[in-house]
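The listed protein sequences correspond, in order, to chains Z and H. Quick note, the first sequence lines up with residues 1 to 225 if you use our numbering. Quick note, the second sequence lines up with residues 1 to 213 if you use our numbering.
I should point out that these hints are in silico values taken from the structure, not numbers from a laboratory. By construction, the Cβ of each residue, glycine as well, lies at the ideal position given by its N, Cα and C atoms. Check the hints yourself; a few may be wrong.
[To be verified] The following label-pair restraints were derived from C-beta to C-beta distances:
1) H:180 - Z:65: 35 to 41 Å
2) H:3 - Z:26: 32 to 38 Å
3) H:105 - Z:96: 47 to 53 Å
4) Z:66 - H:59: 29 to 35 Å
5) H:170 - Z:50: 31 to 37 Å
6) Z:222 - H:105: 45 to 51 Å
[What the hints assert, rightly or not] Residues of chain Z placed beyond 12 Å of chain H at every Cβ, according to the derived structure:
7) 40
8) 148
9) 177
[Unchecked claim] Computed footprint of chain H on chain Z; a stretch qualifies when at least three of its residues, placed anywhere within it, have a C-beta under 8 Å from a C-beta of chain H:
10) 8 to 17
11) 47 to 54
12) 80 to 91
13) 122 to 133
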Amino acid sequence: MARLFYGSVFGGVLLSVLAAGVFPLPESTRYRSVIAVVPDGGREETFIIEWPGDRVQPLRAAGAGPVHPAGQLSVLQDVTGVTAAAELFRLRDVAGNVVGLASRTATAADPAEAGRGSHSEWMLLLPSRGSLFLSQADAHDTLPRPDAAGRIVPVVDMPAFWAGGERQRITAGPADGGTGRVGGGTAEFAGLQGSYDETWERREVAANGTSRGRITLRTWVQAVP
Amino acid sequence: MKALVIIAGLVIGLFAGTTVLLFNPIAFARDGAAGLSGAIRSFSWQGGAGYEGLALTPAGLLGFGADRTFDDPGIGDARAEVVALGSDAGNRPALAVRLSALARPNSLLQARLGMVTAWNIVWPGQGSLLLAGSENFWTPVRDGLWSALRGRGFQPGRASYALPPVPGLGANLIVAGSGEFAAVRGGFREEYSPVDDAPGDLVGLRQLDLAIE
Numbered sequence: 001m002a003r004l005f006y007g008s009v010f011g012g013v014l015l016s017v018l019a020a021g022v023f024p025l026p027e028s029t030r031y032r033s034v035i036a037v038v039p040d041g042g043r044e045e046t047f048i049i050e051w052p053g054d055r056v057q058p059l060r061a062a063g064a065g066p067v068h069p070a071g072q073l074s075v076l077q078d079v080t081g082v083t084a085a086a087e088l089f090r091l092r093d094v095a096g097n098v099v100g101l102a103s104r105t106a107t108a109a110d111p112a113e114a115g116r117g118s119h120s121e122w123m124l125l126l127p128s129r130g131s132l133f134l135s136q137a138d139a140h141d142t143l144p145r146p147d148a149a150g151r152i153v154p155v156v157d158m159p160a161f162w163a164g165g166e167r168q169r170i171t172a173g174p175a176d177g178g179t180g181r182v183g184g185g186t187a188e189f190a191g192l193q194g195s196y197d198e199t200w201e202r203r204e205v206a207a208n209g210t211s212r213g214r215i216t217l218r219t220w221v222q223a224v225p
Numbered sequence: 001m002k003a004l005v006i007i008a009g010l011v012i013g014l015f016a017g018t019t020v021l022l023f024n025p026i027a028f029a030r031d032g033a034a035g036l037s038g039a040i041r042s043f044s045w046q047g048g049a050g051y052e053g054l055a056l057t058p059a060g061l062l063g064f065g066a067d068r069t070f071d072d073p074g075i076g077d078a079r080a081e082v083v084a085l086g087s088d089a090g091n092r093p094a095l096a097v098r099l100s101a102l103a104r105p106n107s108l109l110q111a112r113l114g115m116v117t118a119w120n121i122v123w124p125g126q127g128s129l130l131l132a133g134s135e136n137f138w139t140p141v142r143d144g145l146w147s148a149l150r151g152r153g154f155q156p157g158r159a160s161y162a163l164p165p166v167p168g169l170g171a172n173l174i175v176a177g178s179g180e181f182a183a184v185r186g187g188f189r190e191e192y193s194p195v196d197d198a199p200g201d202l203v204g205l206r207q208l209d210l211a212i213e
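One chain only, chain Z, in its complex shape (with noise of 0.2 Å):
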């Protein structure tokens, strides 16, 4: 009986090990990625973000202390008006699937990138492969304003901000060629540098003055020496 009692004791303490091994611990979906590979060395990848159907508004209506919501903006403010802003998206591929968020960022120009528009970043975070880190000098002041109303509201929504057409490159450098720079990356990004461009392309505009379109990043990345 004494054998049968610790023979069930040893099943037991096997069974928890057993399961603990096959237990499915979640895992994001992975798409296969649509890379093309540059014939100088390197890859390019292209991903889509559709506003503003793919915006992400965290916040509360109530903000976290000095940051707030502002539609589907969050935004740091002074006495000033705005001082910082960010967006948050669904990334997609040039197919269409949702593969990961993404967040930019915007601020004041860098003193370094003077006699541009403001300065911005991305944060492309890809669950099944990795996070891409990218900034830039923007072409444009991105950073919202208010409106005739006094409500902030994206720049992709000021009809000022289309007055030199429908498709506005917002990429100025500070990389060569007037890109933006790839800063670095994880895991399947890890090691990769390089540089992006970013357009914005608006399709739609709606009674309310609220419009519709695409966010474009092209990037070109190569593993560092």
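We have chain Z already, so just place chain H on it with the hints.
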């Protein structure tokens, strides 16, 4: 009688096996906070004040229930937060975005139950930092589950938990910076302090220690 002995043995064995897994010696070996070098600036925030996506709870980490708000399968285990970082030194507040997702090498056998994290912190008029790392919640989850097994509910016992990087994912590092932080190097670590009014929640009070070399 035989059946009773087998059932009693299995129950004791399952309890013993679970205890061994929870108190996995691998976890104790990795329990310390990540070492940092350079001047350290500490920032605190109230976790969970503004997030979308995966809820940071034991059920969320283990994949039970519906503790997630993103329906897209590619980001079902991801989380987006916007926080205001206040400095202990009383500096101007920073706007910070924190994106995270369940770490892919999570393993119950190897005491790995964590998230990969990416930070973008903006100090208007000063500059910004981009950080990449991970945080292993094994120790607070273990302590909370042990407390629950003893009938006290999910109550991690310590006042504060340093969250070490998930093994295999490397150190928590500053990836890039701009303005005053252009070309800086360094690392960071995060801490979690449980709060009584949110039992079962792994957000609580959070602290970010940033070391700039």
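Hint-by-hint comparison with the structure:
A hinted range of 35 to 41 Å for the beta carbons of residue 180 (chain H) and residue 65 (chain Z) is inconsistent with their spacing of about 22 Å. Under the hint 32 to 38 Å, the C-beta atoms of residue 3 (chain H) and residue 26 (chain Z), about 37 Å apart, fit the expected range. One distance hint, 47 to 53 Å for the beta-carbon pair residue 105 (chain H) and residue 96 (chain Z), is violated here, with the actual separation near 29 Å. Look at residue 66 (chain Z) against residue 59 (chain H): about 32 Å separates their beta carbons, and that is inside 29 to 35 Å.
Here the CB-CB span from residue 170 (chain H) to residue 50 (chain Z) is close to 34 Å, well matched to the stated 31 to 37 Å. Hint check: residue 222 (chain Z) to residue 105 (chain H), Cβ distance near 26 Å, so the stated range 45 to 51 Å is violated. Distance to chain H confirms residue 40 (chain Z) as a non-interface residue, since its nearest Cβ pair spans about 24 Å, more than 12 Å. At roughly 25 Å from the closest C-beta of chain H, the C-beta of residue 148 (chain Z) stays outside 12 Å, upholding its exclusion from the interface.
Interface exclusion of residue 177 (chain Z) from chain H stands, the closest Cβ pair being 19 Å apart, more than 12 Å. Requiring three or more residues with a Cβ within less than 8 Å of a Cβ of chain H, the coverage given for the region 8 to 17 of chain Z holds, as 10 such residues are present. Only when three residues or more bring their CB closer than 8 Å to a CB of chain H does the claim for the region 47 to 54 of chain Z stand; here the count is 0, and the claim is violated. Coverage of the region 80 to 91 of chain Z by chain H holds in this model, with 6 residues showing a Cβ closer than 8 Å to a Cβ of that chain against a need of three.
With 8 residues bearing a CB less than 8 Å from a CB of chain H, the region 122 to 133 of chain Z meets the requirement of three and the coverage assertion stands.
Of the numbered hints listed earlier, those contradicted by the structure are 1, 3, 6 and 11.
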